[in-house]
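Peer 1: So you can see what is in the structure, the chains are spelled out below.
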Amino acid sequence: MDKNMKILIVDDFSTMRRIVRNLLNELGFQNIEEADDGATALPKLRNGNFDFLVTDWNMPQMQGIDLLQEVRADAKLANLPVMMVTAEAKKEQIVRAAQAGVNGYIVKPFTAETLREKITKIFERIESGA
Amino acid sequence: MYEQANVNGFDIDQARQLVQSLEAGDVESAESIMDSMTRVRESGLYQEIGKLTRELHNALRSFELDDRISELASDEIPDAKARLSHVINMTDEAANKTLTAVEDAMPVCDDLKKQAEDIEEEWIRFMRRDMEAEDFRGLCRRLSTFIPEVSGSSQNISGHLSTVLMAQEFQDLTGQVIRRVISLVGEVEDNLVNLVRLSGKMTGSLGSVDKGKGLVEDSTKAEGPQIPGVDKAEAVRSQDEVDDLLSSLGF
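Going down the list, the sequences are from chains Y and E.
Under this note's numbering, think of the first position of the first sequence as 1, with each following residue one higher.
Under this note's numbering, think of the first position of the second sequence as 1001, with each following residue one higher.
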């Protein structure tokens, strides 16, 4: 896993963005940017050469699930690994995210260990698949 | 012209014709004029019934609005109370988690500080060459236990700081819940305003009051954290369950 990879964190709550950013820092990732909504994240993703997207689901303008769908529908972004970190915990929602092509799904509240484990797993799978 | 020829639904021309027919003894045409006048009166009656029907319809529509209000009162307000109690629990838990982490980290810092101060005192004596060989050996022994302890304690403190960091996620979770309650309060307010409007002009034209209609629930709509004892939908309760579900889908 490349510790220099560029990561975008999308969450409407700045506290949660800080928490995720700090946890990622602890895991050795430094190249991190933030967006507060799907609508602001999408242009960043399109122009930013990101390697990994961590997004919330419930956001005011564009929801995380819609962002995921936009990403999968965009030829340049279609293969971007996406992890959802969200309070949405209904089974239908998790299934919907899986069907939309999410790479990992973490339910809040979560632990630092869970985050580390899921990220490692996502990139292991990508590297073994590539 | 109509205004002059028509007084309260009576056609004056027709009335004149009726009088003329009767004076001329033409009973047949007098009857036909009477019939036509009655028809006009009846159609006015139909219009009146139509108006009443419309008012009845609007009144029934406002009863549907009442349904939404009773739903708010019976389900959603108690639901909001449970959600807000959950917010208290979450903030309480976060505050306690933070305080515990700080309380646990504090003595570790104090201990490091005290040991460092003791060592510094002896170190100053050593630098002043004011130290016996035996004391120096003691200083060396203390240093060799202190140095790994600094490393271990730093790790310990950093663990407590991580706990403090993670405890802050309550802000996001409670924020989502509070936003939902705020939108509920907004809806209650709108409905109350509508009620006032309705009771104020019950007989007037009501316009369409379709609030609360068209609320077809999307089962995957984002709705924030699940609240124990409030949310009845099938939800996962732990990250393990998320993982199980995803792996059952081939993840």
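Simulated from the structure, these hints should not be mistaken for lab results.
The model shown is predicted, which means the values in this text are computed figures rather than measured ones.
C-beta atoms are modelled at their ideal positions from N, C-alpha and C, and glycine is treated no differently.
Heads up, some of the hints might be wrong.
Stated by the list, open to error - Okay, the calculated beta carbon distance ranges per label pair: (1) E/Gln1115 x Y/Ser14: 36 to 42 Å; (2) E/Ala1233 x Y/Thr40: 49 to 55 Å; (3) E/Arg1128 x Y/Ser14: 48 to 54 Å; (4) E/Glu1120 x Y/Arg46: 33 to 39 Å; (5) Y/Ser14 x E/Ala1133: 29 to 35 Å; (6) E/Lys1114 x Y/Thr40: 29 to 35 Å; (7) Y/Ala78 x E/Ser1248: 47 to 53 Å; (8) Y/Pro60 x E/Val1230: 20 to 26 Å; (9) E/Leu1084 x Y/Gly101: 43 to 49 Å; (10) Y/Thr40 x E/Phe1146: 46 to 52 Å; (11) E/Thr1100 x Y/Ser14: 54 to 60 Å.
What the hints assert, rightly or not - Which chain Y residues face chain E? A few, computed with CB under 8 Å, are given here: (12) Asn22; (13) Leu27; (14) Gly28; (15) Phe29; (16) Asp37; (17) Ala39; (18) Thr40; (19) Leu42; (20) Trp57; (21) Met62; (22) Glu88; (23) Lys90; (24) Gly101; (25) Thr111; (26) Ala112.
Peer 1: Now look at each hint and say whether the structure bears it out.
Peer 2: Now for the hints, and whether the structure bears them out:
At about 39 Å, the beta-carbon gap between glutamine 1115 of chain E and serine 14 of chain Y stays in the expected band of 36 to 42 Å. Distance hint check: the CB atoms of alanine 1233 of chain E and threonine 40 of chain Y are about 30 Å apart, inconsistent with the given range 49 to 55 Å. About 53 Å separates the C-beta atoms of arginine 1128 of chain E and serine 14 of chain Y, a value consistent with the hinted range of 48 to 54 Å. In this structure, glutamate 1120 of chain E and arginine 46 of chain Y break the distance hint of 33 to 39 Å, their C-beta atoms being roughly 57 Å apart.
Roughly 59 Å separates the CB atoms of serine 14 of chain Y and alanine 1133 of chain E, a value that falls outside the hinted 29 to 35 Å. Distance hint check for lysine 1114 of chain E and threonine 40 of chain Y: the Cβ-Cβ separation is about 50 Å, which falls outside the suggested range of 29 to 35 Å. At roughly 25 Å, the beta carbons of alanine 78 of chain Y and serine 1248 of chain E sit outside the given window of 47 to 53 Å. The given range of 20 to 26 Å is respected by proline 60 of chain Y and valine 1230 of chain E, whose C-beta atoms sit roughly 23 Å from each other.
Restraint check, leucine 1084 of chain E to glycine 101 of chain Y: a C-beta distance of roughly 36 Å breaks the suggested window 43 to 49 Å. Range check, threonine 40 of chain Y to phenylalanine 1146 of chain E: about 50 Å between beta-carbon atoms, so the 46 to 52 Å window is met. One distance hint, 54 to 60 Å for the beta-carbon pair threonine 1100 of chain E and serine 14 of chain Y, is violated here, with the actual separation near 25 Å. Taken as an interface hint, asparagine 22 of chain Y checks out: its beta carbon lies about 5 Å from the nearest beta carbon of chain E, inside 8 Å.
Because the beta carbon of leucine 27 of chain Y sits about 11 Å from the nearest beta carbon in chain E, more than 8 Å, this interface hint is broken. Against a cut-off of 8 Å between C-beta atoms, the interface hint on glycine 28 of chain Y is violated, since the closest Cβ of chain E lies about 14 Å away. Violation of the interface hint for phenylalanine 29 of chain Y is found here, the shortest Cβ-Cβ separation to chain E being roughly 15 Å, above the 8 Å cut-off. For aspartate 37 of chain Y, the suggested interface contact is broken, since its CB lies about 13 Å from the closest CB of chain E, more than 8 Å.
The interface hint given for alanine 39 of chain Y is violated, since its Cβ lies 15 Å from the closest Cβ of chain E, which is over the 8 Å cut-off. Taken as an interface hint, threonine 40 of chain Y does not check out: its beta carbon lies about 17 Å from the nearest beta carbon of chain E, beyond 8 Å. Hint on leucine 42 of chain Y is violated. Least Cβ distance to chain E is approximately 17 Å, over the 8 Å limit. Below 8 Å, beta-carbon pairs count as interface contacts, and tryptophan 57 of chain Y has one with chain E at about 5 Å; its hint therefore holds.
Checking methionine 62 of chain Y against chain E by beta carbon gives a least distance of about 11 Å; that is not within 8 Å, so the hint is violated. With its C-beta approaching chain E no nearer than about 6 Å, glutamate 88 of chain Y sits inside the 8 Å limit, and its interface hint holds. Evaluation of the lysine 90 of chain Y hint against chain E yields a held restraint, the C-beta minimum of about 5 Å falling below 8 Å. Look at glycine 101 of chain Y: its Cβ only gets to about 11 Å from chain E, farther than 8 Å, so that hint breaks.
Residue-level restraint check for threonine 111 of chain Y holds (minimum Cβ-Cβ distance to chain E is 7 Å; threshold 8 Å). Interface hint at alanine 112 of chain Y: satisfied, since its Cβ lies 6 Å from the closest Cβ of chain E, which is below the 8 Å cut-off.
Hint compliance for this structure: hints 2, 4, 5, 6, 7, 9, 11, 13, 14, 15, 16, 17, 18, 19, 21, 24 are not met, and every other hint is.
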